[in-house]
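Number of protein chains: 2
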Amino acid sequence: MQVLITGGCGFIGKKLAVKLLEKGSLTDSSGVSRPIDRLIVHDIIHPEPALPDDPRLTVRVGDFTDPAELDAILGPDTGVVFHLAAVVSGGAEADFDLGMRVNLTGSEQLLARLRALGTVPKVVFASSVAVYGGEMPSVIQDSTHLTPQTSYGNQKAATELLVNDYSRKGFIDGRSLRLPTIVIRPGKPNKAASSFASSILREPLQGTPYVCPVKPDTGVWVLSPRRVVEAFIHAAELPADAWGMSRAVALPGITVSVQDMVDALGQVTESAVVGRIRFEPDPGIERIVYGWATRFDPERGRRLGFQADNDMAEIIRAFIDDELGGDYAR
Amino acid sequence: MQVLITGGCGFIGKKLAVKLLEKGSLTDSSGVSRPIDRLIVHDIIHPEPALPDDPRLTVRVGDFTDPAELDAILGPDTGVVFHLAAVVSGGAEADFDLGMRVNLTGSEQLLARLRALGTVPKVVFASSVAVYGGEMPSVIQDSTHLTPQTSYGNQKAATELLVNDYSRKGFIDGRSLRLPTIVIRPGKPNKAASSFASSILREPLQGTPYVCPVKPDTGVWVLSPRRVVEAFIHAAELPADAWGMSRAVALPGITVSVQDMVDALGQVTESAVVGRIRFEPDPGIERIVYGWATRFDPERGRRLGFQADNDMAEIIRAFIDDELGGDYAR
Numbered sequence: 001m002q003v004l005i006t007g008g009c010g011f012i013g014k015k016l017a018v019k020l021l022e023k024g025s026l027t028d029s030s031g032v033s034r035p036i037d038r039l040i041v042h043d044i045i046h047p048e049p050a051l052p053d054d055p056r057l058t059v060r061v062g063d064f065t066d067p068a069e070l071d072a073i074l075g076p077d078t079g080v081v082f083h084l085a086a087v088v089s090g091g092a093e094a095d096f097d098l099g100m101r102v103n104l105t106g107s108e109q110l111l112a113r114l115r116a117l118g119t120v121p122k123v124v125f126a127s128s129v130a131v132y133g134g135e136m137p138s139v140i141q142d143s144t145h146l147t148p149q150t151s152y153g154n155q156k157a158a159t160e161l162l163v164n165d166y167s168r169k170g171f172i173d174g175r176s177l178r179l180p181t182i183v184i185r186p187g188k189p190n191k192a193a194s195s196f197a198s199s200i201l202r203e204p205l206q207g208t209p210y211v212c213p214v215k216p217d218t219g220v221w222v223l224s225p226r227r228v229v230e231a232f233i234h235a236a237e238l239p240a241d242a243w244g245m246s247r248a249v250a251l252p253g254i255t256v257s258v259q260d261m262v263d264a265l266g267q268v269t270e271s272a273v274v275g276r277i278r279f280e281p282d283p284g285i286e287r288i289v290y291g292w293a294t295r296f297d298p299e300r301g302r303r304l305g306f307q308a309d310n311d312m313a314e315i316i317r318a319f320i321d322d323e324l325g326g327d328y329a330r
Numbered sequence: 001m002q003v004l005i006t007g008g009c010g011f012i013g014k015k016l017a018v019k020l021l022e023k024g025s026l027t028d029s030s031g032v033s034r035p036i037d038r039l040i041v042h043d044i045i046h047p048e049p050a051l052p053d054d055p056r057l058t059v060r061v062g063d064f065t066d067p068a069e070l071d072a073i074l075g076p077d078t079g080v081v082f083h084l085a086a087v088v089s090g091g092a093e094a095d096f097d098l099g100m101r102v103n104l105t106g107s108e109q110l111l112a113r114l115r116a117l118g119t120v121p122k123v124v125f126a127s128s129v130a131v132y133g134g135e136m137p138s139v140i141q142d143s144t145h146l147t148p149q150t151s152y153g154n155q156k157a158a159t160e161l162l163v164n165d166y167s168r169k170g171f172i173d174g175r176s177l178r179l180p181t182i183v184i185r186p187g188k189p190n191k192a193a194s195s196f197a198s199s200i201l202r203e204p205l206q207g208t209p210y211v212c213p214v215k216p217d218t219g220v221w222v223l224s225p226r227r228v229v230e231a232f233i234h235a236a237e238l239p240a241d242a243w244g245m246s247r248a249v250a251l252p253g254i255t256v257s258v259q260d261m262v263d264a265l266g267q268v269t270e271s272a273v274v275g276r277i278r279f280e281p282d283p284g285i286e287r288i289v290y291g292w293a294t295r296f297d298p299e300r301g302r303r304l305g306f307q308a309d310n311d312m313a314e315i316i317r318a319f320i321d322d323e324l325g326g327d328y329a330r
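Chains as they are written, first to last, in my numbering: chain Y, 1 to 330; chain G, 1 to 330.
By construction, these hints were calculated from the structure, which means they are not laboratory data.
Be a bit skeptical, because a hint or two may be false.
Which copy? The list can't say, so a pair holds if one copy fits it or any two copies do.
[To be verified] EDC-like cross-link-like pairs, simulated, lysine to aspartate or glutamate; straight-line CA separation at most 16 Å:
id	residue 1	residue 2
1	Lys169	Glu93
2	Lys188	Glu323
3	Lys169	Asp97
4	Lys169	Asp95
5	Lys23	Asp54
6	Lys15	Asp322
No experiment lies behind these values; they were computed from the predicted model shown.
All chains should be modelled from the sequences, with the hints used to inform the complete structure.
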């Protein structure tokens, strides 16, 4: 079978691609293991660094919202699509039309094209906890209503509805995962309001001082790159009837404060590392971050077998192993 | 100012049109009364019977999903749009593409065109309690999540998200009303699963025997035509800042059983009328109807000043006055 990852050159997409190639197959709803004959990693950018050489792998650069591009990357053998392509939160807020075109219309076109295949392919859609917002209960339940306060969150929530309805109608076999903040994201600090949650650990581990724009008591709902890749694969392999009336699930994560992150960093590393962190709250970033949901009771996600990390120390150690070659800047 | 009703030739749209012409003006968000200089009633069908002659009224027949048609019915003077046009529940389920084209894409195009006006027009969107479905709590709260189990419900829920986001961005000033089952609907029984809720009263009142396809203990969440028209106007006149983080509201209604309806009919009319009702449950219709939400705690709607009917007897008396010229078939 053919497997497609849209937005596959982001850091999660690349890790997912590597894992899928390693694994070599995915279990279908009848419990049958189906080999991945071809993996298409699609994105508007090239993968940096390049993905490993593999005869099963095709990297293709293009715009998935272009119908001709969809024709090129989908076919009768397409068994599973991991739909990660999106204009991120800040981008969709800054350019409403772009966000709508990619995050909602683009997703809708993808679903329509998958329906037209007539083969009921599996779709694992990367949604986000940004579907929550505004006045929220102190702990988000599986039954909490979606009141997104960003265009990104609204577009993700609307796409979840389409994934549900397409699945209910038997056009696709969809699953939507509401992703926590993924920590520790490799790369450089960026303009995203959530950047601090990875940067406060990644930068000091690499020997770089970091000025944190939010207070130590700021809470975050986090999941590691390892666990989110496992979640995508687990979602693809769960049988259709496990999902019930909704194809969307909030992934289990852990609630940590920024202070918890710093403490875990102190526990895992020598004291010099924590000494590279300084706090200088930025009211603009704080205003955004304080609107995020930080406490969840993801009972449905746990019941479906999705797994959170055990603690921040485990997340930091995994980052050192996966991204820093086993050691950090002392 | 110019006011538009899409889907304005349905029974609610026509009643709303008559009421708006009577009222002659709508209060804007600054509390200023703005005269209705022109009322466009738009639909894909002609109004039957015709709407009253009025120099302010334009009835236009066309397809609102056609961009050229939108250009013809919107303009810089458009102050308020009541968006009632939709493919109904059964229709959207039977023809998925039509439902998507009208209920979601059509609504999206309308919002985009209203945004392009640059005048932040008010939009009152007719949503539905069909946004609820599946496993629901015993009483629907304002914070209950939307898990629609029909294409119609999904399309309404997705449009609510767009109305919220367009409003949050300042493109429009939107309000979405989740309508209960409207009882007593004039006209003839139809194929809608909800048809019984009006027919069981309307048919006997007009001297026609009626075979009810659901059991007497079946619950329904109802609102009268009079109250829903008041709700549309009240929604248009509420100031923007009354709405808070969400522009959607479940309208208050009353929960009644079919037996309550029959009892109220007996209370309001002579015994011969109730004698025209017979029960012959239809498992196909029962299966659909039993999936509906029947108990709500619409605290937000009440707080915003929306009003339910007092009881079924009041609803029946209003129907006799409004639709039967003050008397019923004895």
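Verification of the supplied hints:
1. Lys169 - Glu93: So lysine 169 and glutamate 93 pass the 16 Å test across copies only (9 Å; inside, 32 Å).
2. Lys188 - Glu323: Result: close within a single copy only, 13 Å intra versus 69 Å inter.
3. Lys169 - Asp97: Only across copies: lysine 169 and aspartate 97 sit 12 Å apart there, 29 Å inside one copy, limit 16 Å.
4. Lys169 - Asp95: between (33 Å within a copy, 11 Å between copies)
5. Lys23 - Asp54: within (13 Å within a copy, 72 Å between copies)
6. Lys15 - Asp322: within (10 Å within a copy, 66 Å between copies)
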